[in-house]
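Novice: Here is how the chains run, residue by residue.
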Amino acid sequence: MTTTTWTAANSRRLARRERRRQLGPLNVLTHVALLVWTVLTMVPILWTFLASVKSEEEIFGDAWSLPAALRWDNFARAWEQAHIGQYMLNSVIVVSFSTFGTMLVGSMAAYVLARYPFRGNRAVYLLFVSGLAFPVYLALIPLFFVVQNMGNVPLVGPFIGLNTHAGLVLVYIAYSMPFTVFFLSAFFRTLPTAVAEAATVDGASHTRVFFQIMLPMAKPGLVSITIFNVLGQWNQYQLPLVLLQERDKWVLTQGIADISTAAGYDQDWAALFAALTLAILPMLVVYTIFQRQIQAGLTAGALK
Amino acid sequence: MFATYRRGLFILAFLAAPVTLYLVYVISPYLQAFYIALTDWRGVNATPAFIGFDNFIRLFADGVFWKAVTHNAALLVLLPLLTIVIALFFAFLLNVGREGQGVGGVAGSSFYRVVFFFPQVLAVTVLAVLFQQVFRPDDSGMLNAPLMALGMGPIGFLSDPDVAFWSVLGVMVWQAVGFYVVLFSAGLASIPRDMFEAARIDGAGRFSLFFRVTLPLLWDTVQVAWVYLGILALDVFAIVWVMTDQHGGPDFSTTVMATEIYRNAFQYFRFGYASALGVVMFFFTIGFAILSLRLSRRERIEY
Amino acid sequence: MENTPQITRRGLLRAAALAPMAGALAACATPQAQAPTSSAAPAATSAANPFGVDAKKPLEVWIFDGGFGDAYATDIHQPLFKTKYPDVAIKHSATKEITKVLQPRFAGGNPPDVIDNSGANALDMGALAQDGQLQDLGPLLDAPSWDDPNVKVRDTLDPAVVDFGTLDGTFLSVGYVNYIHGIWYSQKAFRDNGWAVPKTWDEFLALCETIKKSGKMAPFTYAGKHPQYLYEPLLTMAAKIGGNEILVDIDNLEDGAWTAEPVLRSAEAWAEVGAKYMMEGTAGLDHVQTQTAQNKYQVAMLPSGSWLENEQKTTTPDDFEYGMFPIPDVTASDKLPYGTLHTRPGETFIVPSRGANPQGGVEYLRAMLSKKAAGDFSELVRTVSVVKGAGEGRDLTPGARSATEALAAAGANTVHFRWRSWYAQLHDEAVAATGRLMSGGATAKEFVDRLQKKADELKADSSIKKYRR
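Protein chains in written order, with full-length UniProt numbering: chain P, 1 to 304; chain V, 1 to 303; chain L, 1 to 469.
Among the hints, erroneous ones may be present.
Claimed, not checked - Now the stretches of chain P that chain V is said to cover, found in silico as 3 or more residues with beta-carbon under 8 Å:
no. : region
1   : 60-72
2   : 227-241
3   : 250-261
Worth flagging that the hints you see were computed from the coordinates, not collected in a lab. From a predicted model like this one, the values you see are computed outputs, not experimental measurements. We treat Cβ as the ideally placed atom computed from N, Cα and C, and that holds for glycine.
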């Protein structure tokens, strides 16, 4: 047994050495290709970081010159005058609530549709999933007025109309339904039924089975789709552009686009680069920390 | 009896919130858009007059909109093609391109995978603003500085109507590649190792390994990627609206359906007409979805 | 933990019962007739309070934060308004993109009370008027002025303000600044290099050639990202060659208005400048970038308006000495004489009719049009206001002096066009076509044909309201 293994390993090593001889130069090419793309990816981002500590004249001078002194005050201006901090906080608030809401109601709908056959089940499921193919631009105009009319609903109106974060949260949740339901109901179908059945026999209510048994079991799927929704909602531009017009309510994407326009008038390009850096850096840090989960989550979401 | 009642109540309770939200915010706007498309609505208080298919007739003569459609069509072909080719290439190198201990990725493959993915986590608007600066038309531009140093006059990446579209496409590919590298890598990871080993032992080089083994086994994933990128190409808005001159210019050379809808609705106040454009876009998207479902019914490879 | 599912279920059931009701109320998007809110009704009017302003009702003001900034509103206009209405809380906001921020508010029926509707992203006045969104400002003209109860507001203003603010017979907007367009240069640079202000187009081209050969700077540039900066001198020149009716015809969407010979001649002239004398990279630069290049003596001339000096105040060298000159004579038989200027009341203030406090909005405008407010304004932002005599005894900067002198020299020979604010689509098409023309992508003939085609399309489009002057 030991001998056979050794022989096999040995012959494989020989074969490997043979292949390395044949394909050696290709290995170099491989690394060159990968490095080229790495450079292509990183350089625009690093260049932005570099420009964020330059002075106005340096920014308008040679693009690749190094700054004479590091101008950290650009960041102070971006943070205070350009309100990057406020926009970021708004984004965090909106996305926290909307992702939580999306996951809660999305998993509830997906669970019922996946595990409870009833008349109309298929129709409701198709209603949700058909949303995957609708272009949001068609709905934009009526949606604007729907949200506006929501503002006239008694009691809750002032909290969910135009220019409210809660209103945007509800819209985000609704527009995240198609993918969330589609993905999670597929996921719930793959989960074993035995535990849930046993609990039901023991007298646990449907709700309790869901929250205490099924949700914990579905954790991998929930993590995937949470990441998917966080990224999607964080990067959303079109919906807040239409639904939030007051500057103090703006989310980060709106703020950045506005700073870019404003830089044309105020001539504060340095603050623009600082603002870009502030928008990019936290995302890269968070991503690098959670990169394994994020990559797994996103690709799992795409492959279902 | 009580159990059935409880079950029904449970279903109702669990579906009420999601279905209501969905009906109010998603389905009802879509349905109303179809009606608004048949009116001359320009604002909120003037009563919209029903004008039948006038908007659609007008739309056929709208040169700018059809220009936008051709741009979407070009993106629909080029964005998936370029992205998938590049991403497949890198995914292959990262996962099966290595020489050495068995079949595996080259050294540092996890590093590359992390870096390639960076653009994907950044908001499109952030990238749009960033690339506005990268593409500056003089030597303060990241790309033009070295080009001018080499004596190749400044390129109007965003200001030359013949170039601007390619700049938009370039940024979109640049952002998308990382995601698909990771996606294809995940696909490759699910292919049993010994299939590659076997091919290798049969003396397959890297090229035949790619075309004879990798590509056929990944075909399903490639199709998924194609559909995703196709939808991305049809839905593009922020990169064009924020990055290009005159929101889809210069001279409408980068405009797309979504920007024309937005422009007509929220700059020209032509809600009726913009909704008609939206309806056309809706049918293009549905058409693409149906077409890709049809075409993707290809035999799966069992392993 | 035992109770958690219970509470959740009850909560869910309540949501299930309430949500569809709320949804049914709101899910309908199309307009519901909105009765004017009772709060919009005026309080009692008097000579001192001609519009019946409620002394306690808040006022929301939006200022276009462009070349003039917004300090004039917070530091001059609002304190003045407050002297009379100390209990009115003013909510002040500023933006670079009026349309993006405020269009949805109009659509939503809750617009603010005063808007400075200016800038590259100004609201489409034609659509607003067509939709009845604008307060009739006629009563403002006939109200007593802020300074003197015996003088009507109308009599304190440059008459062009009334012409320009009138749409379909109703006075809807107040242009606050007298924009004077021309070709801007550095008097110092011209003096140092011995360059003279050109009086004829041949002299202009010769000057461009001299500057180009000198190698010191590029002869000419314009805000290539916003080609409206160039269609302005192009149309002014067309009017100078062919007379004011050229612009009137274009405004009225007359057949062949764009293809008229003078427009073609002017387009050819500017295309030549575009081909030969343009600063490198112009097509991709915006107004600030080109203007800053001029401040750095990288380019000699650019077309702009009397807001320029203030807009550039942070980057202009102290001895730069802005100056402007009018469009030179093109032919020996130009219909309008040398010195003809394109002027227009700009920085257009409007009062939305469906705001919460339109009376307060109109009163705010009355305060703005007082001699003190207008004078302080012109001094602060270095420009010429439309209030007669407001600039008297104030210190003028070189650029403002140059523009004021040019205006005096022009006398009655001023021209303007209005289609830009009437037909936003035509504006977008003209922007695109001008960019093409200047970068050599289209000939002058193609330029005029293209715009004629667009104008004809608009004319034939029954869904777009037409205006005449």
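Novice: Against each hint, give a clear statement of whether it holds in the structure.
Specialist: Hints, one by one, checked against the model:
no.: 1; hint: 60-72; result: holds (count 5)
no.: 2; hint: 227-241; result: holds (count 5)
no.: 3; hint: 250-261; result: holds (count 7)
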